[in-house]
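K.L.:
The letter at position 323 of the sequence shown is residue 323 when you use UniProt numbering, and the numbering goes up by one with no holes.
Hints listed in this document are in silico derivations from the structure and should not be mistaken for laboratory results. Since no wrong hints were added, every one of them can be taken at face value.
Computed Cβ-Cβ distance ranges for the label pairs, DEER-style:
1. G166 - Y143: 25 to 31 Å
2. G158 - E333: 36 to 42 Å
3. R311 - G158: 23 to 29 Å
4. W18 - T193: 51 to 57 Å
5. A215 - R194: 36 to 42 Å
6. G93 - R44: 19 to 25 Å
7. R160 - E17: 47 to 53 Å
The beta carbon of each residue, even a glycine, is placed where N, CA and C say it ideally should be.
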Amino acid sequence: MNGSTSGEFAAFLNAYEWTSPWRAEREESGMNNTTRMIYAGDERYVLRVYDNHRDEAIVRVEHAVLLALSEKEMGLRVPEPVLNREGSTVTKGPDGKLAALYHYIEGCRPSPDHPAHIRGLGEAAGKLSSRLAAEQIDAKPLYDAYYRFEVTHQAMAGDRLAELAGSQGLREEEGERIDAMIRLRDELRAAATRAARLPHQWIHGDIVFTNSVAAGDRIVGLLDFEFATIDVRAMELAVVLAEFPGPDTEVALHRIRLFCEGFGTAVRLNAEEADMLPELMQLRMMDVFLHFAGRLADGADDLDVWRGQIRRTSFVCEWIDRNRGELNRILHETLT
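Based on the sequences and whatever the hints tell you, model everything.
P.N.:
Set out below in structure tokens:
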């Protein structure tokens with residue numbers, strides 16, 4: 001298809017100036033948005049249509065962070081928004097959906113099975129954290145810090161979570177996992193109070209392997225700054241570290257060590273931050289757990305999606321408790 005053709009994505013793409021006919025290809029998408037690869041002559045772009053909100057201010061915060069990062073060399077590429085015909089980086093479709101067009105970053109997705117990619121992603125996260133700490137970003141964050149999960153997920157406050165679970169016909173073991181998460185939620189309220197006293201700064205908030213770009217053994221780019229906000233500095237680490245727990249504890253701990261070694265080349269944490277990282281990981285998982293509970297309650301997801309989150313979040317939180325001693329040793333050795 002080209003720039004004058006009607007179609008699902010033409011309403012967005014026709015808002016841009018094109019020097020060559022374009023075509024849109026479906027290659028990959030995330031859970032919160034729809035993406036299409038756009039080919040135009042020798043150029044490649046990524047069109048991102050925001051499916052989880054229609055708040056232009058959120059996208060403008062994301063773009064303010066990207067603009068600040070693009071003004072100085074960091075050794076990493078970040079998405080570069082393209083201006084539309086109106087001189088804006090945000091495009092609104094006829095149905096009210098928002099979209100943005102970005103220059104394509106050449107590379108492939110890194111693998112958590114590749115040690116160089118794990119350490120490299122840690123280095124990239126550390127570089128980004130260091131840069132964000134030094135930047136004066138001309139925007140007010142619109143997302144709450146992860147440790148403010150009770151504010152973010154007020155719809156799941158009190159007995160609402162238990163009521164939701166009780167209405168779904170869950171299996172006995174799933175109910176037991178939810179009961180454990182409810183007990184942990186009570187414990188994490190105290191952790192959230194302590195977290196509020198830790199050093200704060202802008203963070204990416206969602207650094208994972210699928211939001212990064214590799215070239216060979218190197219991490220060359222970081223993507224998807226949609227959830228950038230001001231939070232605890234160490235939360236940047238906690239988000240990624242919560243991805244590593246798995247059935248093979250030795251492998252998981254080794255991957256955590258590799259990532260933290262990489263991060264520690266750019267940023268060192270204080271002892272209190274390192275001490276709290278296991279709880280920050282659990283705070284992250286609690287936020288995810290409540291987020292998907294809310295999506296189920298709103299009819300945005302079916303029960304199977306939440307079932308998967310029940311299994312994963314409860315497993316990770318229990319894994320952290322079982323391995324807290326070794327985890328703390330690794331965190332202090334590599335980060336303080």
